[in-house]
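Order-wise, the sequence lines are chains A and B. Everything in the first sequence is counted per the numbering used here, starting at 1 for the first residue and increasing by one. Everything in the second sequence is counted per the numbering used here, starting at 1001 for the first residue and increasing by one.
Think of the hints as simulated: they come from the structure by calculation, not from any bench. Note that the structure is a prediction, hence the values are computed from the model and not measured. Backbone N, C-alpha and C define an ideal beta-carbon position, used for all residues, glycine too. Careful, some of the hints might be misleading.
Said to hold, decoys possible - Some chain A residues judged to face chain B by a derived CB distance under 7 Å, without partners named:
(1) Ala10
(2) Ala49
(3) Thr137
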Amino acid sequence: MPHADELLLAGRDAARDPATDLFLQDHLRECAECRELRRKVERADLLIASPLPPAGVPPRNEVRSRPALGRVGIASVAVAVIIVGVVAGTAIRTFREGDGTSQIAAPGRPVPSLPKDWQLLTLHDLLIPLPPGWQKTIDAPANPPGPDAPRILYFDDRAGDRGPAQSITVWIWPDRSLDQLVRERFVEGNLSLVSQGTVASWRPTREVIGAAQWSDARGSGSYLARNLFVQVDPERIVMVGIFGPPVPSQRTEPTPEMRSIQDIVTRHLVALPDVDRVFTADQALAAIDRQLPLGPGVLVRGRSDSVVHIFVHQDRTTRLRASPRDVSLSTPETSRGIGNLEVAAASPDANVRYTILTALDALLEPAPATRVSPVAASAPGSQSGTCTTGPLTESARNGEYVFRTTLIDAGNEFVLVQKRGAQIGERMSAILRRLDAPGQVGLPPFAAEPLGPGELIFKVGIYKPAGKGCWQVDLMDPSDGRVVARYVVDVRDPANGCPRTRSTDASGVITSSGLIGVIGDTSASSADINGKFVMIRRASKPGDHVELLFQQVGANASAPASSVSYGVSVASGQTPWGDGSFDAYIKPIGFPNSCWKVLVDGIDSGIVLFVGP
Amino acid sequence: MTEIREAASVIRPDVRGSDWDLLYRAHAGGIFRYCRRLSRTPDAAEELMQETFTRAIRAGEAPNDPDDARRWLYRIATNATIDRLRRERLLRFVPFVGHERAPETNSVEVDLVRQALRAIPPEQATALVLRLHEGFAPSEIAAMLGISEAGVKSRLVRGRRRFIGAYERIGGQL
Chain A
1 MPHADELLLA GRDAARDPAT DLFLQDHLRE CAECRELRRK VERADLLIAS
51 PLPPAGVPPR NEVRSRPALG RVGIASVAVA VIIVGVVAGT AIRTFREGDG
101 TSQIAAPGRP VPSLPKDWQL LTLHDLLIPL PPGWQKTIDA PANPPGPDAP
151 RILYFDDRAG DRGPAQSITV WIWPDRSLDQ LVRERFVEGN LSLVSQGTVA
201 SWRPTREVIG AAQWSDARGS GSYLARNLFV QVDPERIVMV GIFGPPVPSQ
251 RTEPTPEMRS IQDIVTRHLV ALPDVDRVFT ADQALAAIDR QLPLGPGVLV
301 RGRSDSVVHI FVHQDRTTRL RASPRDVSLS TPETSRGIGN LEVAAASPDA
351 NVRYTILTAL DALLEPAPAT RVSPVAASAP GSQSGTCTTG PLTESARNGE
401 YVFRTTLIDA GNEFVLVQKR GAQIGERMSA ILRRLDAPGQ VGLPPFAAEP
451 LGPGELIFKV GIYKPAGKGC WQVDLMDPSD GRVVARYVVD VRDPANGCPR
501 TRSTDASGVI TSSGLIGVIG DTSASSADIN GKFVMIRRAS KPGDHVELLF
551 QQVGANASAP ASSVSYGVSV ASGQTPWGDG SFDAYIKPIG FPNSCWKVLV
601 DGIDSGIVLF VGP
Chain B
1001 MTEIREAASV IRPDVRGSDW DLLYRAHAGG IFRYCRRLSR TPDAAEELMQ
1051 ETFTRAIRAG EAPNDPDDAR RWLYRIATNA TIDRLRRERL LRFVPFVGHE
1101 RAPETNSVEV DLVRQALRAI PPEQATALVL RLHEGFAPSE IAAMLGISEA
1151 GVKSRLVRGR RRFIGAYERI GGQL
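Can you build the whole structure from these sequences, using the hints too?
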C-alpha cells in the first residue's frame, strides 16, 4: 500500500482500487496533515491549470522572418537574381587543402582557417562560425534594457532533440572599449577572477578566466568560465564564453575541445556592417572577385560547387521589408544583407562562404586600385611614368573577355584571358604594344587551355617575349586579324623587389633581430608544395603555440592575398639557439615570386622570405 | 541577366510551405500559451514558440495525423523549454550576468505560479503544465517525451511536491 502522501500528490492520476480508496478515506479522517496536503494539491492543480491573461499569438510571418540555420530567404517579387559560379579550379588556387589554412583575407579580416564543414550564422550584423550541428538556443537582451546592456546568445551542441552536451555563449556589448569593459565589468566586478591575459590573434583579444558557483536540484558545484573579448567594430565588444560542465560536488573547467572551438569562433567572429546605399550586382561581384576570383561576368556553371546568389532590391528598406520564403538548400549557404543587396554564398567549404561574405565590406570603402582594374577617373594607358591598367574595349569591360595578370612560371608574367563561351581548341593571337616606350611584339596563335573544371583560359605570355613595361594587349581573332579585345597591363620584373633576409649571426642562423631566425634559407620554390622554412625563436620551448602572420611586401605583389596567418606549435629538436623550432610552411604562401614579411605573435621578426617560381 | 534556374534546382523538394501554415494556424496558440506558462516574459515565450516551429520545419516531415502532429509539436516545445530553463538556470549562476529580465505585468498569482514552476526541475514543471494546463493524458505525455507512463506519474508526484514547496517559499498562499 503506498503512503497517503504519494496518493494525494498523484492527484486524479493515481490509479486507485476500492481498497486503496477506503484506506485513503480512513487515513484522511484521522490525519489533519494529510487533509491539509490534499487541499494544497487541489489548490496547486487549480493554479497551474488556471488560464493565463489573454495575449495575441505572434503572426506566422514574424516567426518565419527569422531565418533558420542553413536556410536563406528568397524574396519572390521585384528582385533580380544573379547567380555566379565560383569556378572550382580558380577557387582551388586560393583555397588549397591539406594544412587547414587558406590564403585569402579581406582587409581587416582574418585569413579564414575554419574547418570546412562548419556553419556560418549571420546574427545581429555579426558573422558567427559554429561547428556543424550546433544551434542557437537563447537570443535575448539582458535586462533592464539600456545602453550598457549586452545581448546574450547561447549556442548548444546538439543532435536531434537530445540534451545539450556543450555550449558556447556570445555576449554583445554596445558602446564600450575593450579595456574598459574587461576592467570595470570583470576584473573589478564581481567575477571571481582567476586570471586575465591576452590571446595571440590577428586583433587584440583579451582572456578572462573566472570561477563561478552553481546549484540546483541535483546539488551544487563550481566551474571555471573562460571568456574571450574582442572589439568587432567601433561600437561593439563581443565576448565568447565557455564553461566547465556542472558536475555536483566538483570544480570543472572547459574541455580542451571546447577551448579550441572557442578560439576558432573568436578568431573568425566579425562584424558585417550594413549601410543605407544602393549597389549594383557588378559592384558586389567585383568586391568578391578581389578576394576570391570568380568566373567571367555573370554566368551559371553547372559544375561549380560554390555559387553566389545576389538578390538586388530597389533599396535597403525594400530589402529589409522583403518577406522571405524558407527554402532549404542542398549546399550549405550563408547570406548577408548590405545596402539593397542580399548576397547568399553557397559552398561546402565554410572558408569560401566566409571569404565571399566578408569581401563585401569593400563596398563600404572607396574602390582600391588593383592590377586588373583601371584607376578611377583615369583612362588606361601610360602617362607621366604611371601605367594605368584596364580595359580599352567594351568587350573587355562587359565580361565577354576578362583579363587578369598573374605569374605562373619562371620569370614570366602572363595575362590570363577568359572568354565567355570559349571552346576547346579555339585559338587567339595577340600583338603587344608598349605604351611607355617604343616597342611592339607579335605573339603566335595560342589555344585555349583548361584552367579548372569547366573553365578555359587563354594564356598570353608577356614578360618572357616582351619584358617589363606598360603594355597594351590587342587580342585578335587569328582567322581575320580582327581585334576582339584590348587591355592595358603593367608588367614588372618578377624576380626583383624582394629584400629577403640574408644576414646571419655567428651560429649561422639567418636573422636580423637576433631574436627570431631561420635555419637554412629564406628563399624557396613555390613548386616545393610540401616544403617549409624552419624558424626558431629565443626562449621558445617545445609545446609553445606560435601565431605566424605573413604580410606580402616588395614591389612585386604577385600573391592575391595581402596577408596569411596561422598558428603552429614549437616542436622539439636541437637548434643553434636551443631546443625547439617551428615550421613556416611554403604552401599557404606558395605564390611564385612572392615576398613575405614574417610576424611572430604579432611582433615583426625582421625576417623576409622569398617564394620563387 | 536574370537567371533562377540554378536556384530552383537546389531547393529541397520536400519543403511544403502550405502544410506548415496549417500546422501553425492549428497549434501556434496552444504552443505559445504553453510556453508562456513557463517563460518569464512574453518575448521569451515567443522565442520558444518560434524555436519550436523552426526545429519542426528543420526536422522535415510532420506527422500526418493531426493528434500525432500536435503531440509532436508539444514534444519539441517541451524539449526547447527544458533546454531554455536549464540554460537560464546556468546563466543565473554565472556571476557576471548582472541583471535579470523585467517580469511580465501580470496578476501576483500568475507571477507566483510562473516563478514556482521555474524554481522546480524543468522536467517536472513541463510535465505539470502539459498535464494540468494543456490537458494531455499521462499516456500522451509519456509518448511525447519518450518515457514510460509511470515515469510521467512520478514526475507529476515529485513536481507537485516541489511546486507546493516553492510556491509557499516565495510567498504564495495555498
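> Against which earlier hints does the structure fall short, listed by number upward?
Replying inline: none
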